[in-house]
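Using the hints provided, position chain B relative to the given structure of chain A.
Protein chains: 2
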Amino acid sequence: MANYVRTFGEIPGQVEGTSFYSREQVRKAKLHAHNQAGISGTGKQGADAIVLNGGYPDDRDYGEIIVYTGHGGQDSRTKLQIADQTLDDSGNAGLVKSQLDGLPVRVIRGFEEDSPHAPDEGYRYDGLYRVVRHWFKTRDDGFQVCQFLMVKIGSPSDVVDPELPTEIPPGTTLEPLKPVGPAGRSKTTINKVNRRAEVVQRVKAWHGNRCQVCGETVALPSGPSSEAAHIKALGVPHNGPDVEENVLCLCPNDHKRFDNGALYLTDDLEIVDALTSAVGKQLHTHPSHNIGIEYVRYHRACWVKET
Amino acid sequence: MANYVRTFGEIPGQVEGTSFYSREQVRKAKLHAHNQAGISGTGKQGADAIVLNGGYPDDRDYGEIIVYTGHGGQDSRTKLQIADQTLDDSGNAGLVKSQLDGLPVRVIRGFEEDSPHAPDEGYRYDGLYRVVRHWFKTRDDGFQVCQFLMVKIGSPSDVVDPELPTEIPPGTTLEPLKPVGPAGRSKTTINKVNRRAEVVQRVKAWHGNRCQVCGETVALPSGPSSEAAHIKALGVPHNGPDVEENVLCLCPNDHKRFDNGALYLTDDLEIVDALTSAVGKQLHTHPSHNIGIEYVRYHRACWVKET
Numbered sequence: 001m002a003n004y005v006r007t008f009g010e011i012p013g014q015v016e017g018t019s020f021y022s023r024e025q026v027r028k029a030k031l032h033a034h035n036q037a038g039i040s041g042t043g044k045q046g047a048d049a050i051v052l053n054g055g056y057p058d059d060r061d062y063g064e065i066i067v068y069t070g071h072g073g074q075d076s077r078t079k080l081q082i083a084d085q086t087l088d089d090s091g092n093a094g095l096v097k098s099q100l101d102g103l104p105v106r107v108i109r110g111f112e113e114d115s116p117h118a119p120d121e122g123y124r125y126d127g128l129y130r131v132v133r134h135w136f137k138t139r140d141d142g143f144q145v146c147q148f149l150m151v152k153i154g155s156p157s158d159v160v161d162p163e164l165p166t167e168i169p170p171g172t173t174l175e176p177l178k179p180v181g182p183a184g185r186s187k188t189t190i191n192k193v194n195r196r197a198e199v200v201q202r203v204k205a206w207h208g209n210r211c212q213v214c215g216e217t218v219a220l221p222s223g224p225s226s227e228a229a230h231i232k233a234l235g236v237p238h239n240g241p242d243v244e245e246n247v248l249c250l251c252p253n254d255h256k257r258f259d260n261g262a263l264y265l266t267d268d269l270e271i272v273d274a275l276t277s278a279v280g281k282q283l284h285t286h287p288s289h290n291i292g293i294e295y296v297r298y299h300r301a302c303w304v305k306e307t
Numbered sequence: 001m002a003n004y005v006r007t008f009g010e011i012p013g014q015v016e017g018t019s020f021y022s023r024e025q026v027r028k029a030k031l032h033a034h035n036q037a038g039i040s041g042t043g044k045q046g047a048d049a050i051v052l053n054g055g056y057p058d059d060r061d062y063g064e065i066i067v068y069t070g071h072g073g074q075d076s077r078t079k080l081q082i083a084d085q086t087l088d089d090s091g092n093a094g095l096v097k098s099q100l101d102g103l104p105v106r107v108i109r110g111f112e113e114d115s116p117h118a119p120d121e122g123y124r125y126d127g128l129y130r131v132v133r134h135w136f137k138t139r140d141d142g143f144q145v146c147q148f149l150m151v152k153i154g155s156p157s158d159v160v161d162p163e164l165p166t167e168i169p170p171g172t173t174l175e176p177l178k179p180v181g182p183a184g185r186s187k188t189t190i191n192k193v194n195r196r197a198e199v200v201q202r203v204k205a206w207h208g209n210r211c212q213v214c215g216e217t218v219a220l221p222s223g224p225s226s227e228a229a230h231i232k233a234l235g236v237p238h239n240g241p242d243v244e245e246n247v248l249c250l251c252p253n254d255h256k257r258f259d260n261g262a263l264y265l266t267d268d269l270e271i272v273d274a275l276t277s278a279v280g281k282q283l284h285t286h287p288s289h290n291i292g293i294e295y296v297r298y299h300r301a302c303w304v305k306e307t
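Those protein sequence lines, which keep their order, are chains A and B.
With the numbering used here, the residue at position 215 of the first sequence is 215, and numbering never jumps.
With the numbering used here, the residue at position 296 of the second sequence is 296, and numbering never jumps.
Chain A on its own, in the form it takes in the complex:
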């Protein structure tokens, strides 16, 4: 659209909760660039808005938390997937850009969405969401779709530490968290935050704050530093456990690479550069640090189709 100026955040005059009869009206209100496409955005600028209107059965709408499926590879007539989705698609690339740059995305829900949060008719602007992470899901039909975890900015689910578990919405069928900890602890659920602190400390201590990928530490005046990265991501929808077997000690750069699919691990813990598919050295390990092969495989499956 020639006159569309990509604008992030709120659009003056369009408050959260405003309803519209049609996509055309949404576009005319400057909330979204397009009349039909779900994602308003490009890889260069980022995505400023999405419409959630039942386009994919892979979507999940929990209100404050949305698992949004990307664009591409769908036969427009039959709505069947006929090819994989990729980051070459400008909408998908736009949402990744918004994630990496911390840009808010306007969310518009449509009546065709199968969710208690959808409007009964028309479309409704539902405020600003943040893209927390993305990954690829291989569906039962064998095709790969790109998915985005989105969280409503300022809501209780919008936690600062992206590694802190996103609350599992009530009514979601998931196994209850099993209590973990040293022998002798009571069976009551251990304070999630405190357990997290212990897991992080332990892993960083084993590795002396050295990155398991590159071997370096980021030396600060306070001492050597590193980041704890969950292999199978915490929270919806991956629900990885908060245990040492599911955590790596990484430098910020490799943490970003790992979380965004620039590298992944083989079953033998060799580091694969996803951009070239080159298999490199093995991960630095520590005798006390058992790394869960199931989490390694789960992470890898988020980035490459298993053959």
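Do not rely on the hints blindly, as some may be mistaken.
In silico contact screen, one side only, chain B against chain A (beta carbon under 10 Å); selected entries [what the hints assert, rightly or not]: (1) THR86; (2) VAL96; (3) LYS97; (4) LEU103; (5) ASP158; (6) VAL200; (7) ALA205.
Worth flagging that the hints you see were computed from the coordinates, not collected in a lab.
Computed from a predicted model, the values in this text were never measured in an experiment.
Glycine included, C-beta positions come from ideal geometry on N, C-alpha and C.
Just chain B, lined up with the frame of chain A:
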């Protein structure tokens, strides 16, 4: 205290708002390790609690936002500062550890604090705060104190992107934000989020997502990536402006180093390794990217005492 087990987050049975007659009671409730010291924590474990009780005139208490002064160098009798504070102090090191590891800190306010948020008598547990950043302030008396920006977890001030400005609390005397942007924009305040997006895009584009310190990019499947770091930090209390002159394009590792005083810049934009004081190469620059010397000096002063 022999029996104190450092525990992060909420203490069972001690809800936010609970009052106590004395520091001893606070300690017995397991909210804090000590009877007198302000900070409960060590560099190794992190800080799990602080008491805000008027110990330093440099403290600022805005409710959701606290600027907390660290420990050390104060004559216990006169309360005058007689030496610089450093990160060798276990309390200060503990708060830095909590910052870097994303550990929540319990905040207890005391009646001696000179603030509308202080209790009239005794002490009150006021919930969990996050340590957002730390720096050093050289006071008028020439001594350096360590300060910590703390934000109440889950409050409107607890924004996910640490670079997004923390809201200036009402009543704070600060200059109003001047509208910036291309010629022809109206004088109404430009959407803060949208301006931020433009500033970030422009700086990253000038540098092609290459780090101005190390020259590298973090290559992801979505393309080269980098982070925008404000030189003079946004928000309380530094209030750096959200403009290109105050932003650097950095890789995550150097961003962490820069924000935590592991490196700073000379007036000639040479990169100084704070751990060794070695002066290195000049920052990578771009002809369109003017870097504000006043912001460089401000940042440097947060980490080294000017001679």
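Taking the hints in turn, this is what the structure says about them:
Taking 10 Å as the C-beta cut-off, the interface hint given for THR86 (chain B) holds, the closest approach to chain A being about 9 Å. The criterion of a C-beta within 10 Å of any C-beta in chain A is met by VAL96 (chain B), whose closest approach is roughly 4 Å, and the hint holds. For LYS97 (chain B), the interface hint holds, the least distance from its beta-carbon to any beta-carbon of chain A being 7 Å, beneath 10 Å. Given hint, LEU103 (chain B) at the interface with chain A, holds; its Cβ is 5 Å from that chain's nearest Cβ, closer than 10 Å.
Hint status for ASP158 (chain B): holds, given a least beta-carbon distance of 6 Å to chain A, under 10 Å. Interface restraint check for VAL200 (chain B): the shortest CB-CB distance to chain A comes to about 6 Å, inside 10 Å, so the restraint holds. Below 10 Å, beta-carbon pairs count as interface contacts, and ALA205 (chain B) has one with chain A at about 8 Å; its hint therefore holds.
The earlier numbered hints are all upheld by this structure, with none contradicted.
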